[in-house]
Amino acid sequence: MPSDYARTLPLGGAPGRALLRLHLDPWLLLGLGAIVAFGLLVLYSASHRDLETLANQALRIGAAFALMFVAAQLNPRIYLRWAPGLYILGIVLLIAVLLFGTTVKGSQRWLDLPGLPSFQPSELMKLAVPLVVAWYFHARPLPPRIRHVLVALVLCALPTALIVPQPDLGTGLMVAAGGVAVIVMSGIRWRVVGALTSLVVLASPALWFVMTPYQKGRVLTFLDPGRQPQDAGWNITQSKAAIGSGGFSGKDLFNGTQSQLDFLPESQTDFIIAVIGEELGLVGITLLLVLYLLVVARALLMATGAQDTFGRLAAGGLTLVFFAYVFVNVGMVSGLLPVVGVPLPLVSYGGTSAVTLLVGFGIVMSIYGHATR
Amino acid sequence: MTRPFPGWHAVKGIFDRDRARQQAQLKDVDQERRDFASRTLVVFFIVAVMCCVLTARMVWLTVFKHDEYRTISEDNRIQMFGVPPPRGRIYDRTGILLADNVPVFSIFVIPELTDNVDATLSAIAALVELSDEEIDAFHTLASESFPHSPVRVRPQITPEERAVIEVNRHRLSGVQVRPDTVRHYPYGEVMAHAVGSVRRKTAEDIRRLDRRRYSRTQFVGKRGVEAFYEHSLHGEPGSRQVEVDALGREQRELGRNPPRPGWNLTLHLDASLQVAAAQALGERRGAVVAIDPRSGGILALASVPGYDPNLFVTGMDPAVYDELVISPNKPLFNRAANGRYAPGSTFKPIVGLAALAHGVTDWERTIVDNDGVYRLPNNRRQYRDWTWTKDNPSGQGVIDLHRAIYRSSNIYFYGLGDRLPVDSIPRFAAQFGYGRVLSIDVAGAEPGLLPDSEWKMGARGEGWYPGDNLNLAIGQGDLLATPLQLATVASIIANRGRVVRPRMLLNSDADLPELENGELTVDFVALGGIEAGPASGSQNEHAGTRPGDAGLRPEDAGLRSVDWQRMVDAMEAVVHRGNQGYRENGTAWAYIGQDIAYRMAGKSGTAQVVGIAQGEEYDEEELDEFSRKHAWFIAFAPVDDPRIAVCVLVENGGSGSAVAGPVAREVLDHYLLPELAAVTSTATALASGSGRALAGAPRPDD
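Those sequence lines, one after another, are chains A and B.
Mapping of the first sequence onto the numbering used here: residues 1 to 373, in sequence order.
Mapping of the second sequence onto the numbering used here: residues 1 to 702, in sequence order.
For the record, the hints were derived by calculation from the structure and aren't laboratory data.
Ideal Cβ placement from N, Cα and C applies to all residues, glycine included.
Don't take every hint at face value.
Partial chain A-side listing against chain B, Cβ under 8 Å, derived [unchecked claim]:
1. Asn56
2. Leu59
3. Ala63
4. Phe65
5. Leu142
6. Met185
7. Leu261
8. Gly281
9. Leu294
10. Arg312
11. Gly331
Only chain B is shown next, with the shape it has when bound in the complex (with noise of 0.2 Å):
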């Protein structure tokens, strides 16, 4: 007997046993008719115990777990949307609006109802403008929501854009015309540095902001009040508790919980002067900051030209913004607040006072400028005068401090550098602002350069020469500030030294956590005497106080209230002092105080944009236009009750006095000849014309 394999006869044995079995027994029909009932009963005994485990199962599922399980099905249903809250609006010091949110109606695109997203904007845009932007913005936006949320493409259409619109309806699936809020600027370009502007939400907002409060937020501040305050502007967004399909499409409201709207802000910005100030820059490129010395509330913050922020809320042509972006005039750049510019001479009162409170000069102490040229021992460099040409190189005369400011005299400047020690003015410089930002709530203030022998050695490797000294005793050099800066100097000087930091916000629906410890009344920083610097380096041997110097004793050093007083006689002089002759009226008078209200204290100042060679003359007629020099004035007015402070800019204006001293006459006019009107005309009222008694009554020429 073969073996097929190993157990082959134990498997065998199993179906021999089986034939024999079955051989043995015949097919009897009835005992397998009641074997089959027998065996059906315990097969159905088997089912009812199967559906006995089915409902068992149904039982732990619906009984036990059923609380787990309603949660999660509850989970599913409910979902929380985010109500965008209203922005809050911004006024300015009289209530006028300055940004407003008006209804409007919008192209919205539900990305789920078209065939095609891409065509279907390509069809969109062949019947209204859609920029590029507008197009990268909306996937942006539709990439973080639902494809059957509605987002919007364009927003604030013309009332013939909506018609073109709804006449394609047909061929437009899952495009829709819906009412919307955007933001709006009633002063366009005059406001836009000043009170910013909104900007659609880029992908980069969307990681930097807070998810939650920014889900249905579309617009999003990017420039001046709107960016600075942009969290209190935008509110607390609202939910609605609503029922949604596994697609998360809306079923409907379960609940809702309104959204709180951003506070309303209102700025000490004056519209009429902000204006006025606008239009007395007129075509030229340049900036006017007018602050109130008092508050340090900024009245006028304007930067010509602008551009009009509405445009960035309703989109615009590809070639308008490319125009924003390329024009050489730069109408994006905030030049009031981020423009950086050599001060010039608006920095001799400075310099001046830090001269007084060194005590390497006193009003008394008079130079001689014979041939308008300063020249350093041992060096045979030129330092000359702004009057010096190579035809007239007579010099100024006889000069005291008070001449050296209403003449501006260089060579006066040049010999307090040459005396004061070695970063004695950036020290003395930074406690007006210069090198730093003192306004609190600018958007983007720039600190501008304040330069002294660390920072020299770190940017440049050299140590600070005598030269350095010399050029920013004259606001020359490295130095750099804002206009927004030296309208905070004029405060300053007009406070005769009180420290008020300059700000947009006047007040609010509610503290705000921009301003740390809802504060805004910060400062009043003392210009008192200050300690003299040690005396660092042997190269500023030539400085500090010279043998010789009679009447000049250390003791003297620090500032007196009369320095302040006679510091703004001085600038009141280079305003008023006129019809006193060749080379002694003030440098503005000529321009702007022969028919002058109020008593008015100025500056000019005229920065070098470009170098001038040793031995040669600046020559305006030579320069192209964008070489030419910057026009500086600093000034407040009523000098003994300043009530505004202002600085103008005129990029490659040319002369300070001539062309930036009338745009600020023209700002304080506007500023202050209606309030003095009204108070003549009462006054004259009440008292039958005692006009000697107001303030800005003409008086006497020192």
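Only chain A is shown next, with the shape it has when bound in the complex (with noise of 0.2 Å):
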């Protein structure tokens, strides 16, 4: 039976074969190949063609997919177990940033432990969120009891409350996404979906009291891009620019004004989407987006075939984290959402969140390798 699927596989055959014993699935190593090449070149050309940028970003990519070769080698039964503990140190590591940790651009994200390089404990977050929702409802029955929702929600909530004052609103929003989708795939009601969601729009306003004037001024900025025009909305309405001016096809690669000529800022991080916008047009973005939902559905699929409860809701939840992080960075970039620094998986420059992304498919390697079928 294995070896008749792995014929199907794109490798086919023997290699075919090879991936399947190291629990790697071919398809989700094709969709996110896919998107690392593309990524790769774009990047190429928002560096204006620096080689140095593009061989660090490579190695850092590199690194991020032998991580997940790792993730995936290891049974999930024993991210079953150490889920909680996880979650645990994350807590702790978080409480002692706020309390210790180095601040870099304004913002308290790092954690400088002796011995250790420096490293963001919200980064583990995102991870151990989905992880310990999943281990918790695993042992419950299921669609959950609206208590053990409530317990789920005060589980990501905890996180979140803790990120969002560094202030890091984009990766507490990141944090907080894969534990709610880990619970809207658990199975309650699409009415409490409902109810839930419209309370958090209801309550929203509420945020406003607890957001740092700096995130104030992203949300108007967001309401009203000409509010600052040489400041806050200088980002956005460049971004607009770029994409809306590179139009169907794109002024090709290399060739984007706003990006060669540095009028669209965090072009190779953040913004790097409109990099793609501008050169490429609305047939690379589209192309880009056509990927990112390849990935989100092979992912998905995957995580249907899991042994378990806990492989089922951890594959899924991570999943969609990864796809949260799409649609807010897209959503952002083009003005659709407020500018909440959350960058384009596995395309912005900077090795981190590869790392957190591609670990997490190793989880859902792992998860569905480790399914006996």
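With the hints as a guide, bring both chains together as one complex.
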């Protein structure tokens, strides 16, 4: 059976079988590889053809793929067992960050532990929250009881409440999204989903009172981009100009004036989709969105093939976190959502989120690859 | 049962029903797997819908709003940069360059590339001279340009300075030596006040000038012709359409619209005459203005001492600048156009003509001067002749108007001042340009001061006294005029009353907006009969035509052409009447009239600087240099066909005839003698030597 299945895989035959033995999913690898290749190409242009930037990013992505490979080898039961511990560790570290964290670019996100490379504990929570919520529901019958849902929401809200004041609204939202995704996948009724969603929407103005002036500024700028044309509104105006001026087929790679002449801020990181829009046009953006959609589709399919409740919920939650990144990033760059500082997965320059997301897919592969069919 | 809060039962009911349903249900693995699969399908559907929302947004931006955003992005990247036009050159009437643009090397600093602008400027200052003024100018220019554009710090460095900068290049980041163009004045000091100079654009200039036209211009005309014709000399800046990055750094040129160079100007100035005038003044402080009376063209406008205008372009040592500013010789002061001095006796021909016009005298009327003193009725004050001394109070004897001019009799003119109605002198004199600016294009020309009763009431709060008319009649009192104005007066007399306004510009590449309607020839104000002003006020009862002045009838009022000719004859006698005995020669004859090759009319003047008390004598030896009298001489020649009129002022020079006269003679000689020589030799060659036919040939004295 596995050998027949392997023959249908993209690499077919022996290599496919080798991948399966390593609990790696060729379809998902193919999709992720395509996104990474596309991302590196665009980054090369966004960095003004700087090979050093490109090599740097390739190295990071390579390391992230290596970690994904390791994550895929671990038995899902290990994740199930370690989920609560991981979660508690993350909470402790987040408190430590608030107390002794290093401030970089005005945000206190980094923890410098002696003998370890500095890292952001909030990244750990992006994995820990979906895992711990899945762990929580695993021991309980589904669909969950409202009491359990409320507990699960508290599990999501606690780390979020610790991350948002760093301030890092974007990561906080992504961490919460991971937990909420698992709750949605757990089978609560759509009516409840709808009710909770409208509750969040109605309660969101209350968020205003806990936001920092910096975050408030971003929301105001979202509501009225012309408010501070030289300041906060500049980013969004320039990114919309970049995408809009790219038109249907773009100005061609390396020819986007907005990005090549530095009018577009953060063009290698959070706003890189605007470079795609300007240089490759609507066609390029749509191509990338289709790739993301295919990856999400494959990962969700893998989730349905999981052995147990924990596996299904964790795999589904991790996949939806990935999509949440895509949606929030593209939404903010195109002016649909406020600017919250979420990178475009696997395309934006930087290694942290790539590691988190690829390790997440490593866990998905582990859950799928270790299932007995 | 406790009820913690209202509605407790409702909330508890939800939990109770929930628990009941759960208890009824076992953990069914297959059912959960199926539930999860269907739920995943729904979730995927939602994900797909969200992707569609993103795509729709992108379609909106890239397709429907494409034109709008393309415009924004083009506006971002394309900028217009001004290209400064080359400044128009200035030539003299013979085509000699007076103001040129020369290629040089200058030091530029690109602020963005320096670690610290101030430290870099200090480092440059340690290697080459750099004045505070230049540093200020740098900051002014740097403040209005991009941090990446080079800003000039020191223009025109020497090859040695260039070598020093290049050798130290490694520790001067952001410093560049670049080819550059600067204004150059080949004649330096001699032409400084006539041609003027450009100076660095100041913060004040930036406010005043058209930002677009001057965005890239570093020097602006500040004095003389450079200032007056600034607009025309500047030209129209071109532009370059340039692609820039977000910091405004130039990426590449997309298009270019070349600048229109400033118009070249040719002036009436005669460079060699200007040099001769400055040389004739020598080390003395003073001014020479020469005008071609036929055209009004200013042939020379010299103010000595001058300054080297190139210093204002290249920058100068602060000590040098301080020296220029504080020197008692005032080298920066343009005496020719801005110096205001009492015209003294040079005013007498005007008063004489005014008296003729008003019918208060004629050419036959005489007075007798027995004691060199004039007195007003009921007034003990003595008005003295210039010949009067304690040792020789004899007077100049019988004097008519002709003799009153060539002997410069104060007593005769006191009498005219006594007879002329109040304000008739200023009204008449204004036609010659006193008290106003007749010159068309001399930047900052002073109007001087032409006092009348109204002015005196305003300025002093006093009425016009008879004594004021007397002082005015000999060109003293409050009357002030510039050398340029007196040269104009000389040219109007040379023209026998035809007023030609003085001008610098001879011609130019185009019609210049500085001259109204582009018209260069304005004027012809005829000096015919003037209306006798209404005799106003009781205090001038004594003035006007007195009974007993035989031969003067009201209908004789007004000027006839013979009056002009006789006034010119009298002025000719000032220079040429000689060998006639004691107090019978023209005042200037002894100094300039004895070996002259052409006929020249002139009038000396000696203007008092400090008041001399009643009964005291003016003693040059006792006064310090700056309290001595100013020496004037106005002249024109040849008398019958005047081609040049000149005014000479020597500050604190003393006697007009002895000091200023020879300067005027030198200037006229320089201008006329080569011409006469050429005509003579041609005539000799053609007509075997009939020198008598020449206008400038000597003829017997009157």
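Which constraints among the numbered hints does this structure fail? Numbers only, ascending. Failing hints, ascending: 1, 2, 3, 4 and 9.
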